[in-house]
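First to last, the sequence lines map onto chains A and B.
Position 185 of the first sequence, counted from 1, bears residue number 185 in the numbering used here, the numbering being contiguous throughout.
Position 199 of the second sequence, counted from 1, bears residue number 1199 in the numbering used here, the numbering being contiguous throughout.
For the record, the hints were derived by calculation from the structure and aren't laboratory data.
Careful, some of the hints might be misleading.
[What the hints assert, rightly or not] Chain B is faced by these chain A residues, among others (derived, beta-carbon under 7 Å):
1) R19
2) L20
3) A53
4) L55
5) H74
6) A76
7) L93
Beta carbons are placed, not taken as given, at the ideal position from N, Cα and C, and that holds for glycine.
Single-letter residue listing:
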Amino acid sequence: MSAPALLRLEGVTGRRGGRLLFEGLELVLAPGDAAIVTGPNGAGKSSLLRICAGLLRPAAGKVDAGGCALADEHLALDERQRLGDALAFWARLDGADAGPAMAAMGLAHLADVPVRMLSTGQRRRAMLARVAASGAPLWLLDEPANGLDAEGRERLAAAAAAHRAKGGAILAASHQPLGLDGARTLALG
Amino acid sequence: MRALVWRELRQSAAGGAALLPLVFFLLVATLFPFAVGPDGPLLARTGGGALWMAALLAALLPVDRLVEPDRAAGMLDQLALRGVSEEAVALAKLVGHWLSFGPPLMIAALPAAALMRLPQEVLFRLELGLLVGTPGLAALTLGVAALTAGLRRGGALTGLLMLPLAVPLLIFGAGLVERGNQAGALQLLGAVSLLLVAGATFVAGAAIRAGRD
């Protein structure tokens, strides 16, 4: 254990509306690690990601996470703004630059298009660009490949590999292969 | 913080959303003389109170666009991830909302007061009351917006929640207009407004946090 863990779950139990989703989860993600959460619909994958993000409290156990970026079903970009400006809003809060992340997701030519005009796949790319631009060491991705075409999935895999090479970690929930080399699997349900 | 306030102002300006309460306020001011008749002295006597009622009702309009769209879009989650406290978000929303609501309403009160035939010194007291009272109104709007965010058909609830809480503002605001600063109406209006501003920040922050479940 030389490098400090970016995410540490100890005996984490998730409960939603009184229903037990998972119990006693253990997971440690060190820099460069990736893990994929699998499980049937309703197994609590999204809840686990929100618990890791600190947006939900676990029913039991301990969550220790550093800075993280979350991509879930919410785009969190102002619909009326141009894509470049909307991403720049978050990048400014993070003290980062959204440009490289937009280029990495193949969005550079859409910078002047209002967010509300984007297609499903383009919105997904924009969300991933927001995550990539945040500079957070831990990425929490909920079904990141949904709506992406083959080229988009390749860009996602490349961005994820680059992030891990820089010492980041990824926890993703997905039903499709994401091209994360050497990723562990965390099965729920 | 400045970026958040700026964003609130941008959202209010988008699509003329901030204009709606003002148009509503002026519309009520236009309708009131039709309802009570073109009796100058009567209008001048009751007009100030009527304008306060109009301001109160106009403050109800932005409730559904203040917090709910940001919650639904995940903006509030993303701010929390970046370590911005819910109270700071609420305060930024309050400042941004007041800037797009208070001063424009004070300007709209000028033509409205002319319609009511308010004398100049009464107009001055109305404007003074609005300056002191609109932060309280904006705070009420924000608090109720945060409490009802995520509720389906929360629209009917907002009036029921907000109007009773606005009674002190109405009493001291209208009292100041009609009778001048007797018995410290202005000071009491300021105290109520301050209390609402301070309280709404924490209420809205807690409501945003609780609404995450």
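We went through each hint and held it up to the structure:
1. Given the 7 Å rule on beta carbons, the hint for A:R19 is violated: about 13 Å separates it from the nearest Cβ of chain B.
2. Annotation: A:L20 was flagged as interfacial toward chain B, and the flag is violated, the nearest CB pair being 16 Å apart, outside 7 Å.
3. Because the beta carbon of A:A53 sits about 6 Å from the nearest beta carbon in chain B, less than 7 Å, this interface hint is met.
4. Among the interface hints, the one on A:L55 holds; its C-beta lies about 6 Å from the nearest C-beta in chain B, closer than the 7 Å criterion.
5. A cut of 7 Å between beta carbons decides the hint on A:H74: the least distance to chain B is about 3 Å, and the hint holds.
6. The interface hint given for A:A76 holds, since its Cβ lies 4 Å from the closest Cβ of chain B, which is under the 7 Å cut-off.
7. For the restraint placing A:L93 at the interface with chain B, the shortest Cβ-Cβ distance is roughly 6 Å, inside the 7 Å limit, so the hint holds.
Of the hints listed earlier, those the structure fails to meet are numbers 1 and 2, in rising order.
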